[in-house]
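Novice: Protein chains in written order, with the numbering used here: chain A, 850 to 1016; chain B, 1406 to 1852; chain C, 1363 to 1584.
No wet-lab data here; the hints were simulated from the structure.
Don't take each hint at face value.
Distance condition first, Cα-Cα at most 25 Å in a straight line; then the derived DSS-like pairs of lysine-lysine [said to hold, decoys possible]:
id: 1; chain 1: C; residue 1: K1582; chain 2: B; residue 2: K1411
id: 2; chain 1: A; residue 1: K863; chain 2: C; residue 2: K1385
id: 3; chain 1: C; residue 1: K1573; chain 2: B; residue 2: K1411
id: 4; chain 1: A; residue 1: K983; chain 2: A; residue 2: K911
id: 5; chain 1: C; residue 1: K1573; chain 2: B; residue 2: K1520
With beta-carbon atoms standing in for the labels, derived distance ranges [said to hold, decoys possible]:
id: 6; chain 1: C; residue 1: W1367; chain 2: B; residue 2: R1424; range: 31 to 41 Å
id: 7; chain 1: A; residue 1: P988; chain 2: C; residue 2: T1420; range: 32 to 42 Å
id: 8; chain 1: C; residue 1: P1391; chain 2: B; residue 2: V1507; range: 19 to 29 Å
id: 9; chain 1: B; residue 1: V1507; chain 2: C; residue 2: D1581; range: 51 to 61 Å
id: 10; chain 1: B; residue 1: E1408; chain 2: C; residue 2: E1583; range: 15 to 25 Å
id: 11; chain 1: B; residue 1: I1839; chain 2: A; residue 2: D1001; range: 36 to 46 Å
For glycine and all other residues, C-beta sits at the position ideal for the given N, C-alpha and C.
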Amino acid sequence: MSGSNHISRRDFMKLTTGAIGGFIAAVIGIPSIAYLISPALREDKAGKPVSVANLENVPVGKPYPFSFTVTRVNGWERTSTAYGGFILRRSADPADVLVLSSRCTHLSCRVNWNDEAAGFVCPCHDAMFDIEGKVLYGPPPEPLGHFEHEIDGEGNVIITPVEIKEG
Amino acid sequence: MNEETKTQINAKYERELQRGERFWPDSIYKDAIVALGIFLLLVMLATFVGVHDSPKADPSDTSYIPRPEWYFLFLFKFLALYGQIPILGKIEWIATVLIPGVAIGILTLLPFIDKSPHRYYAKRALPLAIMFIMVLGIVLLTMLADYPTVAHDGSGLPGLIQAVAGLVVPAIVYIAFTVMAYTLRERAVRAITVTAALGGALMVAFTVLAMVAFPLPAQETAEVPATLSDQISAGQDLYSIHCVECHGDDGMVEIISGVAGLEGKVVSIINSRDVLYTVNDASMAEIISYGRPDSGMPPLGRAYNPEGLTRAEIDYIVLFMRYTWDDRFEAPYIPPLYPPLAEGEVPTYSVHIQPIVKRYCISCHRPGKDSNAYYMDTYANILNSGDNAGKNVIAGDMNSYLIQTIQHTEILDADGRVLVGVMPPTSQLKPDIIDVFIRWVMGGMPE
Amino acid sequence: MRALWQKLYGWLDERIGFDDFYKNLLDRPEPRGNWWNTLGSASLFLFIMQVLTGIFLTVYYNPSPDHAYESILYIMNDVQFGWLVRGIHHWGASLMVLVVFIHMLRTFVTASYKYPRELTWLVGIGLLLITIGMGFTGYLLPWHQMAYWATTVGTAIAGSVPFLGDFILQALRGGPDLSALTLQRFYAAHIWILPLLLGGLIGFHLFLIIKHGESHWPDKED
Chain A
850 MSGSNHISRR
860 DFMKLTTGAI
870 GGFIAAVIGI
880 PSIAYLISPA
890 LREDKAGKPV
900 SVANLENVPV
910 GKPYPFSFTV
920 TRVNGWERTS
930 TAYGGFILRR
940 SADPADVLVL
950 SSRCTHLSCR
960 VNWNDEAAGF
970 VCPCHDAMFD
980 IEGKVLYGPP
990 PEPLGHFEHE
1000 IDGEGNVIIT
1010 PVEIKEG
Chain B
1406 MNEETKTQIN
1416 AKYERELQRG
1426 ERFWPDSIYK
1436 DAIVALGIFL
1446 LLVMLATFVG
1456 VHDSPKADPS
1466 DTSYIPRPEW
1476 YFLFLFKFLA
1486 LYGQIPILGK
1496 IEWIATVLIP
1506 GVAIGILTLL
1516 PFIDKSPHRY
1526 YAKRALPLAI
1536 MFIMVLGIVL
1546 LTMLADYPTV
1556 AHDGSGLPGL
1566 IQAVAGLVVP
1576 AIVYIAFTVM
1586 AYTLRERAVR
1596 AITVTAALGG
1606 ALMVAFTVLA
1616 MVAFPLPAQE
1626 TAEVPATLSD
1636 QISAGQDLYS
1646 IHCVECHGDD
1656 GMVEIISGVA
1666 GLEGKVVSII
1676 NSRDVLYTVN
1686 DASMAEIISY
1696 GRPDSGMPPL
1706 GRAYNPEGLT
1716 RAEIDYIVLF
1726 MRYTWDDRFE
1736 APYIPPLYPP
1746 LAEGEVPTYS
1756 VHIQPIVKRY
1766 CISCHRPGKD
1776 SNAYYMDTYA
1786 NILNSGDNAG
1796 KNVIAGDMNS
1806 YLIQTIQHTE
1816 ILDADGRVLV
1826 GVMPPTSQLK
1836 PDIIDVFIRW
1846 VMGGMPE
Chain C
1363 MRALWQKLYG
1373 WLDERIGFDD
1383 FYKNLLDRPE
1393 PRGNWWNTLG
1403 SASLFLFIMQ
1413 VLTGIFLTVY
1423 YNPSPDHAYE
1433 SILYIMNDVQ
1443 FGWLVRGIHH
1453 WGASLMVLVV
1463 FIHMLRTFVT
1473 ASYKYPRELT
1483 WLVGIGLLLI
1493 TIGMGFTGYL
1503 LPWHQMAYWA
1513 TTVGTAIAGS
1523 VPFLGDFILQ
1533 ALRGGPDLSA
1543 LTLQRFYAAH
1553 IWILPLLLGG
1563 LIGFHLFLII
1573 KHGESHWPDK
1583 ED
């Protein structure tokens, strides 16, 4: 075997070994990423309208708290998560209604209505929103989200349980 | 081993290194090619063979026949055969602990037992022969694992032949090896080789005899519903067999009517939110399993009823209820049992009848069940099997037993005794399914 | 750019010493090998595949009797490439037992367990037994009928030891019967105890192989 031949044979072996390693890494690596992020690629099917309150019970001008649960099938388990919000009747007109989410836009703590301060207070990082959900002070970057709603003939407030962010 | 031998061994190894190769890339290159082969093999197996799971574990189902992973099968068979030896076979721990323990002990301490410095095969007849018989025994016992030791007529002959192949011959060969090694010393090589070859041939011969004389019985392979929609369909099948009578097709029944012994009983409306929102899956499964004996619901689970449903089957029923009635769940797409029939269309076995039979009939009408020996597992069997062969389905004849019984007309013999009861025994098929059967029989039972 | 790369390489080389690695690990002289000599590295490759796919499986697998079976159905049906990861792990397990066993046979036939490689053999038998232990503990995890009843019988075999049998049986099962405790301890053994032992012993096995070199194929002189 001549010297140059020997070197090329060695190089061939090195190259083949590297190629095999790369091939196996790729065939394992690419599906692995899809495997790991798989749950993030599923579309969220939550969104059946739920009835959360009757307008009869909701006072005008004061936020009325409500909550509802959404059951999601997460893998082998079904999880019921509770969400909350406030119904605000701006006037006696049944159409003049705003449904706010109680999820603080800063880091998802739940805000409470504070009568004295006349605003929604977030207990986590001292933030405050006004009655329409606009930021008064504190770290939240945007106003409270809201839910799309409908009011049926009997005055039931029916919301689509997908929070819509402002701005 | 003395220092001189060690020096010799090391010097020989140095010479081998001189005319050898380099670890990188020569050895690694070969390793990489083998790794690639293994990898491709694994991907192919995963893709084209897949993993065959059995149903979910059910501690209450004592009828399940355990089967270990394939690499323990030889041990499994060994224990079964050992247990047949009179007297000694009753001392279980000899086979389960002592013999495997000694074998592993010898294997572990091999370098200290086999102290000869020789490595060339011709100088190691005894250890190679022992290992050969051992490995051959393991392979043969693995192959025999599924063959029963008792024949249909209860004779122990199959077990005896298997024991000769897997226990007796190896034992005799090992005794012969020991005797030869001690009596013949250096001249034992040929004797040992011949004995090993002869013994091996005998073992193979008896194994083949056991396999040919008493062939493997046909095995039922139950298909396990693996996807959610399959499980929901399976749950619907089971619901339609076990629950419909009292609770109705849609679970809306409040007062039972038309069921002997339970007439007028009040039952929960099981498709209501009151039930579905407040009873979780585990409780629901328990209710189905234990029943409500005080209110008249019989226990359906195998834990309380020897002929009852397995835990997995009960879980399928719960899934079916959830995904059909619970408005918090969105059912996946479930294909219809059979494609709907057009006006005047004649259904065929493969497209329409087979899936219906699988859902409503085959649980009783298959080999291994009594059911008048009428098997509905294949097209040929549906047409012509069982005690009433030839009368069950007759082309164009509304008096075919099948057509009569599914419309809940009993078949009576000459003395007025019931020959064939109504089918299915505890409920009635839906009218559209009965219609499919009628059209099929009247249309000449096309395959 | 190239200068930066060289600088980085130089910095690392000074501290790690790639040359030593190359000389001592890769550029070693070896006896002329044949394809039977690849069985050990094939076992190692399978071990690495099992570790990788095993780690991936733990992302979704849930070791409880209530959810083990369902979580595996989820992996097989809903997770992208879940069937591939589980399939490779399932078949890799069988193949690993087979390859490790044949590797042992090869070592036996070429008598490579003799001086100076007695300890390598001893460790190797340990690796074989732990590999079988991995198969045994892993078989229960899907918590299906076959797994449940096979493990019932398998642990009962260990329970037939004279005098200590009942104690061993209960220690293996975490109680008199198979239960959530059994599944949990088999899981711990399968993903922590046995793999760590296996990994450690593989390291020792490899160290001994590098120290003594691979044995040569015996000829008439040996």
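Novice: Taking the hints in turn, state whether each one holds.
Specialist: Results for each hint:
1. C:K1582 with B:K1411: With a Cα-Cα distance of about 17 Å, the restraint between K1582 (chain C) and K1411 (chain B) holds, given a limit of 25 Å.
2. A:K863 with C:K1385: holds, 16 Å
3. C:K1573 with B:K1411: Given that 25 Å is the threshold and the Cα spacing comes to 16 Å, the pair holds.
4. A:K983 with A:K911: holds, 16 Å
5. C:K1573 with B:K1520: Judged against 25 Å, a Cα distance of about 22 Å means the pair holds.
6. C:W1367 with B:R1424: 31 to 41 Å: holds, 39 Å
7. A:P988 with C:T1420: 32 to 42 Å: Check passed, 37 Å falls within 32 to 42 Å.
8. C:P1391 with B:V1507: 19 to 29 Å: violated, 40 Å
9. B:V1507 with C:D1581: 51 to 61 Å: violated, 33 Å
10. B:E1408 with C:E1583: 15 to 25 Å: holds, 19 Å
11. B:I1839 with A:D1001: 36 to 46 Å: holds, 43 Å
Violated hints, in rising order: 8, 9; the structure is consistent with all others.
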